[in-house]
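What follows is the residue order along each chain.
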Amino acid sequence: DARVTQTPRHKVTEMGQEVTMRCQPILGHNTVFWYRQTMMQGLELLAYFRNRAPLDDSGMPKDRFSAEMPDATLATLKIQPSEPRDSAVYFCASGVDYNEQFFGPGTRLTVL
Amino acid sequence: AQKVTQAQTEISVVEKEDVTLDCVYETRDTTYYLFWYKQPPSGELVFLIRRNSFDEQNEISGRYSWNFQKSTSSFNFTITASQVVDSAVYFCALSPSAGGSYIPTFGRGTSLIVHP
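Keeping their order, the protein sequence lines are chains A and B. If you read the first sequence in this note's numbering, its first letter stands for residue 1, the second for the next number, and so on. If you read the second sequence in this note's numbering, its first letter stands for residue 1001, the second for the next number, and so on.
None of these hints come from the bench; they were simulated from the model.
One-sided excerpt, in silico: chain B residues whose CB lies under 7 Å from chain A: (1) Arg1050; (2) Ser1095; (3) Phe1106; (4) Arg1108.
Here a beta-carbon is modelled for each residue, glycine too, at the ideal position from N, C-alpha and C.
Work out the full structure: start from the sequences and follow the hints.
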């Protein structure tokens, strides 16, 4: 049963530290999405890739966030420096073109 | 621009009641997909259904049914004989099915609480 995996599942860090979140999409999927979920904002799209090319990262604060896909089996989301307002659950999802997305379990980030 | 509205923020029912979650959407695309996802307390969003804008046939899967009405831009989700395990946040989503933009638009979600 193929699944999207995300690491770490939980991360507690101090303000100013770098945070790296990793995602392994489902083999064969060609789209990868990064979302952030908070109670206030709901589900926000941060970035997405198709065939490993970044297509849209307009939802991402550019000064501190970066998303990459170094190969087909790994997508990363980095925050440097982290701030308390970045505390949220970060989801990675993968899919095929316009079809449904399969979500990972999320990374719960707490920035103190 | 796309928009998905789930007007019901929270619904509370007693087990065995039927419940309908509403979803209204806006899009300028002539072809599109509609989706429902479930987010149980464990946190992971789970895909439930995809519907193509060309296909207005209603769909039933066990206790779940979906009513797609293009005339009212709605894609409602009904759970028959609800159970405690149905307690979750349910998201409706919309994406184009052609044209190069793969960005889906999610509603804010409806939290369903089923009491025993």
